[in-house]
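Peer 1: The primary structure of each chain is shown beneath.
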Amino acid sequence: MTTLTASPAPVAAAPGALRRVVRSVLRSRMATFGFALVFLHIALALLAPVLTPFNPTANDGLVPLENPGGVHLLGTDALGRDILARTLFGGQYALAISFSATAIAVVLGSTIAGIAAFKGGIVDDVISRFLDSVLAVPAILSMLVIVTVFGSGPWVIILAVVVVYTGGVTRIVRAAAMDVMPRDYITAAKARGEGMFSILVREVFPNVLDIILVEFAMRASWVVLLISSLSFLGFGANPPTPDWGLMVAENRNLMAVVPWATLSPILALATLIVGLNLAADGLAKSFGVDRMKEVLG
Amino acid sequence: MSDATIVSVNNLSVSYTSGGLKVDVLKDISLRLERGRTLGLVGESGSGKSTLASTFLGALRSGSFISKGTVEVAGQDVFALPAPALRQLRRNDVALVPQNAGSALTPTMRIMDQIAESLHTPGMDRAAKRARAEELLRLVRLPNPAQALGKYPHQFSGGQQQRIGIAMAVAANPALLVLDEPTTGLDVVTQAAILDVLADLQQTLNMSMVLVSHDLGVIDKMCTDIAVLREGRIVESGATRRVLAQPQHPYTQGLVYSVPRVDVPGIPPSMDTAAIDAGIQSTGEREVYVRTAPSGTPPVLQVRDLSIDYRRRPVPGTGPTVQGVSFDVNASEIVALVGESGSGKSTIANAIAGLQRTEAGTMVLAGGADLARTVSARPKGIRQAVQLIFQNADTSLNPRKTVHAAIARPLQLFGIKKTTVAQSLAEVDLPLGFAQRLPGQLSGGQRQRVGIARAIAAGPSLVLADEIVSALDVSVQSSILRLMDTMSRDKGIGFLFITHDLAVVRAVADRVVVLYLGRVVEEGTVEAIFSETSHPYTRLLLDSVIELGDDHDAKPRNVKDEIPAAPPEFGCPYASRCPLVRDVCRTKAPPAIRVSEGHQIMCHADASELSPSTLAHS
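Line by line, the protein sequences give chains A and B. Here the working numbering is used: position 251 in the first sequence is 251, and no number is missing along the way. Here the working numbering is used: position 72 in the second sequence is 72, and no number is missing along the way.
The hints are simulated quantities; they were obtained by calculation from the structure and are not laboratory data. Every residue, glycine too, gets a C-beta built ideally from N, C-alpha and C. A couple of the hints might just be wrong.
Below, simulated SDA-like cross-link-like pairs (lysine to any residue); rule was C-alpha separation at most 25 Å, straight line [what the hints assert, rightly or not]:
no. : chain 1 : residue 1 : chain 2 : residue 2
1   : B       : K401      : A       : V25
2   : B       : K555      : B       : S608
3   : B       : K68       : B       : Q114
4   : A       : K285      : B       : Y16
5   : A       : K119      : B       : K68
6   : B       : K401      : A       : L37
7   : A       : K285      : B       : K417
8   : B       : K418      : B       : T395
9   : B       : K27       : B       : T395
10  : B       : K418      : B       : Q441
11  : A       : K285      : B       : A274
12  : A       : K285      : A       : D132
13  : B       : K129      : B       : R87
14  : A       : K285      : B       : T395
15  : A       : K119      : B       : D309
16  : A       : K119      : A       : R202
17  : B       : K401      : B       : Q423
18  : A       : K119      : B       : A435
19  : B       : K401      : A       : V21
20  : B       : K27       : B       : S62
21  : B       : K401      : A       : I199
22  : B       : K417      : A       : G195
What follows is a list of derived Cβ distance ranges for each label pair [to be verified]:
no. : chain 1 : residue 1 : chain 2 : residue 2 : range
23  : B       : G20       : A       : L46       : 33 to 43 Å
24  : B       : R35       : A       : S28       : 47 to 57 Å
25  : B       : R582      : A       : D125      : 16 to 26 Å
26  : B       : A372      : A       : F197      : 49 to 59 Å
27  : B       : I280      : A       : F197      : 53 to 63 Å
28  : B       : G63       : A       : P240      : 55 to 65 Å
29  : B       : G63       : A       : V21       : 49 to 59 Å
30  : B       : S67       : A       : S28       : 25 to 35 Å
Below, a sample of chain B positions facing chain A; criterion: calculated Cβ distance under 10 Å [stated by the list, open to error]:
no. : residue
31  : Q155
32  : G158
33  : K380
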């Protein structure tokens with residue numbers, strides 16, 4: 001045992017997983033670009049009150065349908081509302097709803113997935129078959145049903161997203177958790193007499209966290225698009241909420257008169273979705289998560 | 001290069017780049033293999049032996065490249081060949097048998113179609129292909145070859161899958177067969193049978209073979225030539241018998257001396273890597289540490305008439321998975337539970353650990369604590385008293401948690417104040433600095449030490465050690481065995497050591513329980529088990545062990561290598577394979593023969609019949 005008592009070569013402290021991921025993301029130009037876009041959106045949304053003096057919902061009958069220039073940098077819409085203010089505050093709305101809804105769906109989905117993978121057998125079968133039946137209904141259809149039943153508003157939108165997306169998250173996290181479940185450290189924890197939630201939190205989730213994070217970034221981009229689609233169709237945000245989908249719907253007839261009223265929410269939406277997708281791709285690559293599996297999930 | 005040479009490797013270096021640095025996997029390898037001979041590549045994990053073997057097929061792991069030298073097989077420089085010629089070479093001249101045939105066979109394809117894929121004769125019709133496939137399966141002695149063609153891989157056992165893998169490899173009558181750990185993970189009995197098949201195939205097909213293995217016994221039996229690899233270099237090569245009998249290089253000496261032997265009790269010395277690096281020659285003395293069995297210690301575990309049944313409902317003709325198993329583990333004692341895979345060893349361990357429900361029987365800890373219920377219903381004191389150590393150190397530690405966290409968890413969970421993580425690490429001879437490392441930063445042996453530290457930290461009275469050294473390199477096996485010995489003596493812990501490796505049993509166990517199909521067939525002290533009188537099954541196990549320096553040709557060859565899928569409903573579980581079988585064996589459970597104090601054999605035969613000569617499996 002001379003080999004072991006001899007002092008070992010100094011080893012760097014546990015490799016910072018975070019630092020490794022950051023480095024790997026920075027190495028990819030597309031992933032860096034994606035994260036930059038997302039962080040830019042977050043910053044703009046948070047700084048909205050500072051960046052514009054206008055109230056996004058305040059009508060001003062004196063300056064309807066202005067084109068860019070003057071005090072209103074991007075012009076105004078038919079009711080004289082500042083388009084830049086509406087776009088910036090629209091970012092707040094879009095990010096807040098989509099991120100919170102996605103977060104709830106991912107946390108709830110991961111928990112259900114953990115329980116299904118841990119319990120196995122009949123519990124797993126019941127959960128999986130139930131989710132299959134939820135997933136069989138087209139997303140937009142079940143969202144419309146929920147909105148029709150519960151009315152509109154941010155909480156209903158969040159509920160709708162959670163109902164629609166929890167199933168997909170569960171399926172993917174369950175598959176990953178099933179892979180971890182037969183490992184000996186889980187058996188060791190069971191033999192110690194640890195409870196199910198203790199095992200899930202301590203042993204299982206840290207090992208599927210990469211998949212959960214990629215899942216979050218991916219779903220968030222879909223949710224942003226979905227929420228805007230709902231608003232565009234008139235089922236989402238109620239006027240005068242500064243919502244990008246709603247803005248496009250309100251101003252699309254006036255595109256020839258005030259193009260920026262439609263263009264600016266569209267640009268914001270497109271950049272956010274592209275950014276989230278690139279970020280998800282970058283994360284997946286640096287974690288080594290199989291993206292194809294995620295997409296087909 | 002003459003026609004007599006099949007493989008010629010000249011100054012080969014294989015490298016990959018990592019973080020801008022060039023890392024050599026193989027350095028300046030030169031070797032030559034004559035036609036019809038067998039080359040053994042020996043070394044520890046990471047020595048580059050598999051990388052070297054795969055270059056004979058012109059294959060490299062992605063990311064690595066030939067930085068120097070050439071590999072010539074059958075007169076052709078494999079890494080200079082254009083793709084079609086390389087395919088031609090792989091199709092006709094070189095074939096590979098991978099380590100795990102179970103994952104090398106396509107699960108959704110029938111055996112017939114898999115073999116047909118490797119038959120490259122053009123214009124062969126289906127009937128001819130079928131006939132050829134059947135012939136190949138007969139060649140590897142797969143039972144019922146005609147029937148087997150229509151089956152899928154999962155319907156075969158590991159040993160049978162390996163036979164099919166070999167059949168596919170020899171389908172094109174290759175000049176060179178490369179075998180990467182072909183019997184690792186198989187039981188001794190199956191291993192012996194597969195090696196016999198390979199030796200015969202080599203004779204009949206006049207092949208050359210390259211055999212990659214970490215098992216010196218297998219190399220000694222099979223190979224005419226040997227190359228010992230360490231850290232990507234060949235440290236010693238030559239004729240197998242000469243190299244292994246009189247190793248010249250300190251590393252080869254270390255390897256040879258640290259292998260436990262079935263015929264010698266005691267734990268061999270562990271390899272002194274520092275001395276090897278310094279080039280110090282071994283004195284040639286093999287200092288074996290012989291453990292003394294404790295006497296008169298009280299039992300920490302008493303198992304009586306344990307039965308475990310996996311079947312949902314009784315199947316006619318078969319009995320429960322585990323039936324009527326009784327044994328004790330005393331304090332400070334190491335009891336080995338021995339048997340092939342499928343013998344129910346791990347099932348019994350799981351039942352004791354509370355991870356498996358039992359059908360009947362009792363399991364009692366010292367002080368009368370009952371182990372009848374599964375782990376979730378056991379009080380803290382019992383869960384603390386029974387701890388587990390696992391076979392695979394890779395998966396026994398959570399890769400995302402530091403060594404400190406892994407050891408601290410049981411301390412915290414069981415509210416143990418008097419032991420600290422630092423003490424636990426010191427007990428397994430790991431420096432304190434390891435506490436902040438992640439499992440990925442440790443070697444296999446170090447990870448196994450952490451696994452032991454985690455189990456010992458809880459202060460158990462009984463430790464279930466499931467194959468804890470079989471996945472480790474020989475050089476670290478001994479130190480782990482010594483650790484188990486120290487723990488049992490210093491802390492009075494009783495170990496239930498589950499293994500199929502009889503040499504390790506001889507090295508460390510005090511008592512042995514031999515299991516066959518979930519029934520105890522023999523039980524006794526380690527000397528008694530390795531004595532002349534033994535149960536026919538124990539004799540089969542002992543005869544199947546392949547050891548360095550044995551007279552391999554003189555060993556009896558067995559043909560019946562397959563363990564039945566389920567135990568019989570009545571009689572002796574071993575009746576279907578026993579050379580002494582008589583009518584009563586199929587109807588009545590065998591009585592216990594008391595050969596000596598503490599040595600019992602469950603058999604209908606007379607004790608005088610149970611000697612090596614009458615039990616020769618022919």
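Peer 1: Look at each hint and say if it fits the structure.
Peer 2: So, going through the hints one by one against the coordinates:
1. At most 25 Å may separate the alpha-carbon atoms for a hinted pair to count; K401/B and V25/A meet this at roughly 23 Å.
2. As the CA atoms of K555/B and S608/B are separated by approximately 22 Å, the hinted pair is consistent with the 25 Å bound.
3. Annotation: proposed proximity of K68/B to Q114/B is violated, straight-line Cα distance about 37 Å (limit 25 Å).
4. Between K285/A and Y16/B the alpha-carbon distance is near 21 Å, which keeps this suggested pair within the 25 Å criterion.
5. A hinted pair counts as satisfied when its Cα atoms are at most 25 Å apart, and K119/A with K68/B does not qualify at roughly 54 Å.
6. Note on K401/B and L37/A: the hinted pairing is violated, with a Cα-Cα distance of about 33 Å set against a maximum of 25 Å.
7. With a C-alpha separation of about 44 Å, the suggested pairing of K285/A with K417/B is violated against the 25 Å cut-off.
8. The straight-line distance between the Cα atoms of K418/B and T395/B is roughly 28 Å, outside the 25 Å bound, and the hint therefore fails.
9. For a cut-off of 25 Å, the pair hint linking K27/B to T395/B is broken: about 31 Å separates their Cα positions.
10. For the hint linking K418/B to Q441/B, the alpha-carbon distance of about 28 Å lies beyond 25 Å, and the restraint is violated.
11. A threshold of 25 Å between alpha carbons decides the hint, and for K285/A with A274/B the separation of about 41 Å lies outside it, so the pair is violated.
12. For a cut-off of 25 Å, the pair hint linking K285/A to D132/A is broken: about 28 Å separates their Cα positions.
13. The suggested pairing of K129/B with R87/B holds, with an alpha-carbon distance near 21 Å, which does not exceed 25 Å.
14. Of the supplied pair hints, the one linking K285/A and T395/B holds, its CA atoms being roughly 24 Å apart against a limit of 25 Å.
15. Distance restraint check for K119/A and D309/B: the Cα-Cα separation of roughly 21 Å lies within the 25 Å cut-off, and the hinted pair is therefore satisfied.
16. Distance check on the hinted pair: K119/A and R202/A sit about 16 Å apart at the alpha-carbon level, within 25 Å; holds.
17. At roughly 19 Å between alpha-carbon atoms, K401/B and Q423/B fall within 25 Å of each other, so this suggested pair holds.
18. Taking the CA atoms of K119/A and A435/B, the gap is near 32 Å; set against the 25 Å cutoff, the hint is violated.
19. Taking the CA atoms of K401/B and V21/A, the gap is about 17 Å. The hint holds against a cut of 25 Å.
20. Note on K27/B and S62/B: the hinted pairing holds, with a Cα-Cα distance of about 18 Å set against a maximum of 25 Å.
21. Of the pairs offered as hints, the one joining K401/B and I199/A holds, with about 13 Å between alpha carbons and a cut-off of 25 Å not exceeded.
22. Under the criterion of a C-alpha separation no larger than 25 Å, the hint pairing K417/B with G195/A is consistent with the structure, at around 22 Å.
23. A hinted range of 33 to 43 Å holds for the C-beta pair G20/B and L46/A, which are about 39 Å apart.
24. A beta carbon spacing of about 51 Å between R35/B and S28/A agrees with the range 47 to 57 Å that was offered as a hint.
25. In this structure, R582/B and D125/A break the distance hint of 16 to 26 Å, their C-beta atoms being roughly 49 Å apart.
26. Range check, A372/B to F197/A: about 26 Å between beta-carbon atoms, so the 49 to 59 Å window is missed.
27. Separated by about 55 Å at the C-beta atoms, I280/B and F197/A satisfy the suggested range of 53 to 63 Å.
28. Our hint of 55 to 65 Å for G63/B and P240/A holds, since their Cβ atoms are close to 58 Å apart.
29. The beta-carbon spacing between G63/B and V21/A, approximately 21 Å, falls outside the hinted interval of 49 to 59 Å.
30. At roughly 28 Å, the beta carbons of S67/B and S28/A sit within the given window of 25 to 35 Å.
31. Interface restraint check: Q155/B against chain A, minimum CB-CB distance 22 Å, threshold 10 Å, status violated.
32. Evaluation of the G158/B hint against chain A yields a violated restraint, the C-beta minimum of about 18 Å exceeding 10 Å.
33. Annotation: K380/B was flagged as interfacial toward chain A, and the flag holds, the nearest CB pair being 7 Å apart, inside 10 Å.
When held up to the earlier numbered hints, the structure conflicts with 3, 5, 6, 7, 8, 9, 10, 11, 12, 18, 25, 26, 29, 31 and 32 and fits the remainder.
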